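These protein sequence lines are chains R and D, in that order. Counting from 181, one number per residue, gives the positions in the first sequence under the numbering used here. Counting from 4, one number per residue, gives the positions in the second sequence under the numbering used here.
Worth flagging that the hints you see were computed from the coordinates, not collected in a lab. Don't take every hint at face value.
Claimed, not checked - Within a straight-line C-alpha distance of at most 20 angstroms, the following computed EDC-like cross-link-like pairs (lysine to aspartate or glutamate) qualify: (1) K351/R with E434/R; (2) K455/R with E44/D; (3) K455/R with D30/D; (4) K663/R with D703/R; (5) K366/R with E462/R; (6) K521/R with E24/D; (7) K699/R with E722/R; (8) K552/R with D622/R; (9) K366/R with E385/R; (10) K521/R with D30/D.
Predicted, not measured: the structure shown is a model, and the values here were computed from it.
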Amino acid sequence: MGRLSDRAAFEQYAAQAEQRWETLWSGDRWVISVGISECSIAKGALETYRHLELLLSDGHIPAVLRRVGCAGWCFAEPFVEIKLPGQPPIVYGWVTTDRVPDLLDALRRGELRPEWALGVRAGESWQGIPALRDHPFLRSQRRLLLEQAGIIDPESIDDYIATGGYRAFLKALFEMTPEEVVNEVKTSNLRGRGGAGFPTGIKWESGRRTPAWPKYVVVNSHEGEPNVFKDRRLLETNPHLVLEGLLIGCYALETPHGYNYIGGEHALALRRFQKAVEQAYELGLLGDNILGSGFSCHVRVRTGGGAYICGEGSALMYAIMGQRGQPRTKPPRSVEEGLWKRPTVLNNTETFASIPAIIRNGGSWYAALGTKESTGTKLVTMQGPVRYLGVAEIELGMPMRQLIFEVFGGLRDGYRFKGVQTGGVSAGPLREEELDVPVDFDALTPLGAMLGSGGFVVFDDTVCAVDFARYLVAFSRYESCGKCTPCRLGTPALVEILDRIRHGFGRPEDLDVIQYASKHIIDLSLCGLGQVAPMPLLGMLERFREEFIEHITERRCRAGVCPMTAAAPIAS
Amino acid sequence: MEPTKSGQRVDLEPLRRVLEERFRPRDYREAQELVVGACQEAQRLFGWVPPEAAQLIAEHLGVTTNRIYGLLTFYADFRTEPPGRHFLWICHGAACYVAGAGRLVEFLQERYGITGQGTTPDGALTVHVFNGCLGVCDLAPFAQLDHHEYVGRLNLERLQALIAELQGEAQTEAADGSTE
Ligand SMILES: Cc1cc2nc3c(=O)[nH]c(=O)nc-3n(C[C@H](O)[C@H](O)[C@H](O)COP(=O)(O)O)c2cc1C
Ligand code: SF4
Ligand code: FES
Ligand code: FES
């Protein structure tokens with residue numbers, strides 16, 4: 181396979197890939213696909229794969245064994261999809277290695293084992309197995325970024341191309357000017373998926389406007405928050421989608437310099453993205469003079485090693501430049517002075533992954549999804565004792581209640597809902613009576629909550645509000661880079677007060693000190709970490725004030741979590 | 004093998020080879036961009052970044068050793084001391100927290116004095132409390148052993164049992180003399 185020389189060569193290559201894809205699915209062999217992601221590996225997916233390989237090696241079943249990415253249903257891992265000739269593919273959940281022989285035997289006998297099936301990939305139910313898309317976890321999702329998740333092999337560029345991949349890049353490259361690409365993104369009203377929700381098109385436009393050269397386009401795949409795992413799954417399940425978005429971004433900025441900064445812990449995501457880059461080079465979709473268009477693009481992958489602050493834009497750029505990842509004062513903004521002091525456009529992984537569909541279908545098509553001010557779809561993860569734990573993709577604007585109780589299936593038996601923490605370590609929680617709020621960029625903010633990167637944490641009454649607040653602030657304290665005083669000294673002060681309260685030494689005036697100190701930290705900190713570090717605490721305090729008071733005046737932790745080492749209540 | 008400052012024998016050859024093969028900056032900027040990656044390679048090879056390795060990286064990429072240590076001490080993932088025989092990442096992300104990981108973290112501190120990262124006195128195990136999400140939240144509280152084995156639904160008893168098992172194993176190995 182050599183580098184493709186022009187658009188026609190690509191079309192021809194793509195036609196062949198499509199042909200092979202067709203043949204695979206219409207052939208007379210079984211097609212068996214196993215979801216392999218970090219998450220499924222932890223549940224034994226590799227053993228399942230090897231067991232299948234072993235059992236199929238005797239050739240009794242004519243089958244193709246494939247690896248696919250994760251499909252977001254953590255709760256059903258490891259999953260195996262099996263398509264028998266002439267039948268629709270059936271997705272089976274919980275296929276641990278011990279179930280493999282049983283499942284294969286049953287299928288050979290013509291028994292479909294509906295009790296293990298998650299659903300059938302068909303418009304409607306089939307042979308008593310419900311349609312996959314009617315599964316409660318999937319029914320209300322709208323999957324654009326995850327459309328091919330769990331269907332294509334993330335390590336195969338051919339699979340990606342066979343299912344429509346790189347067409348958006350070609351469209352941009354051959355049919356659109358860079359300005360038109362930026363305009364399309366502006367029309368889509370896509371807002372950044374990394375937390376702040378800044379309009380992507382406007383950022384790209386400012387990047388274009390700054391005259392300095394060279395320019396850089398950077399993907400933020402750092403994902404160091406304690407509450408979210410969507411970006412690494414996207415990279416694990418469809419790395420080419422992110423790469424295609426990055427390529428379009430580089431074209432829009434007319435620069436050959438693309439980067440992806442990936443958190444060092446996300447080993448599989450890193451490996452798969454690197455592989456995607458290599459494959460794109462081999463095929464001539466990266467490199468000099470791509471498909472004879474005159475446009476060149478080179479992508480470098482960089483990683484860090486466990487520092488949450490490196491997700492912050494300016495810190496990330498220092499980290500790439502081989503310096504300690506510490507933020508700097510702004511202005512100048514990164515689009516004016518970023519990497520190597522040159523204009524740099526930084527966007528989240530998911531933001532870039534949203535680009536190809538926008539270019540393919542048009543900005544106004546995208547803008548019709550979601551709500552007026554929060555367009556499109558969003559990846560969300562839900563942690564805590566919910567039934568269908570995983571990664572979902574929803575249209576923005578879905579009520580939080582529906583998200584928790586329908587998509588994620590509500591709480592597992594024996595757990596009682598107490599609240600849902602939003603915005604990672606950057607915002608506060610919601611209580612039961614507030615759950616009708618739509619999940620989007622703006623509606624959550626007046627409640628002291630936040631969409632952030634889309635990670636939510638449901639907690640039940642075994643979790644103490646004071647202790648949880650302490651956990652969230654302590655995270656920020658630990659991750660503070662120490663560059664500015666309000667954050668470096670302020671966050672430990674908050675933790676200290678909370679520890680006092682947890683141990684039963686709290687004083688009523690502590691609650692005022694919390695407010696006062698928090699205001700200082702918020703107003704005076706240099707970067708986003710410090711500026712929001714007290715938010716979870718302020719939110720918890722507002723929502724669960726009675727618990728804080730109980731700790732202080734009665735020395736009682738109703739969840740039974742706090743140590744409460746103090747001897748007896750303070751008399752008045 | 005070269006005699007070393009760190010008191011351990013560190014064979015720098017594999018690192019040298021990797022550096023020569025894959026860390027070939029075209030200019031000074033790229034050299035700086037490659038420093039963290041090179042340190043990660045060193046840690047992958049040795050389990051930590053020994054001073055001699057830091058020195059070699061500095062020379063290879065043309066940066067100061069100070070710069071290297073600035074980075075090694077900044078990032079939580081790097082170790083400038085040799086780890087124990089096993090390495091355990093305990094997830095302290097939010098899902099693991101609400102599932103009770105706080106108790107495990109407290110235990111590590113009370114029993115071994117380990118807060119962020121530390122090694123049991125017998126050298127059997129290095130524990131790193133991971134401030135972030137390890138990404139397998141439905142098995143919370145979650146841990147990863149030696150970067151490839153997964154331990155889910157931990158509680159205090161299971162953690163204690165795991166540590167005891169790893170310590171026992173280390174003792175037998177030491178008694179057998181089968182380790183070096
Ligand atoms: C402390 C801190 C950590 C951050 N971590 C991340 C991160 O892991 N990933 C990310 O995309 N954005 C992160 N951000 C936001 C980035 O600074 C930046 O706004 C974002 O990457 C821009 O991309 P977007 O507009 O596509 O969202 C973080 C911000 C702060 C203040
Ligand atoms: S607010 Fe905190 S993390 Fe941000 S620069 Fe200041 S000390 Fe560093
Ligand atoms: S199933 Fe993919 S993240 Fe868990
Ligand atoms: S929070 Fe521990 S695995 Fe996600």
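We went through each hint and held it up to the structure:
1. K351/R with E434/R: With Cα atoms ~15 angstroms apart, K351/R and E434/R stay inside 20 angstroms; holds.
2. K455/R with E44/D: At roughly 18 angstroms apart (the allowed maximum being 20 angstroms), E44/D and K455/R satisfy the hint.
3. K455/R with D30/D: 24 angstroms, violated
4. K663/R with D703/R: Roughly 16 angstroms separates the two Cα atoms, so the pair holds.
5. K366/R with E462/R: Roughly 32 angstroms between the alpha carbons, so the hint for K366/R and E462/R is violated.
6. K521/R with E24/D: Roughly 29 angstroms between the alpha carbons, so the hint for K521/R and E24/D is violated.
7. K699/R with E722/R: 15 angstroms, holds
8. K552/R with D622/R: Given pair K552/R, D622/R holds - Cα atoms ~11 angstroms apart, limit 20 angstroms.
9. K366/R with E385/R: 9 angstroms, holds
10. K521/R with D30/D: Within the cut-off at roughly 16 angstroms; holds.
Violated hints, listed in ascending order, are 3, 5, 6; each of the other numbered hints is respected by the structure.
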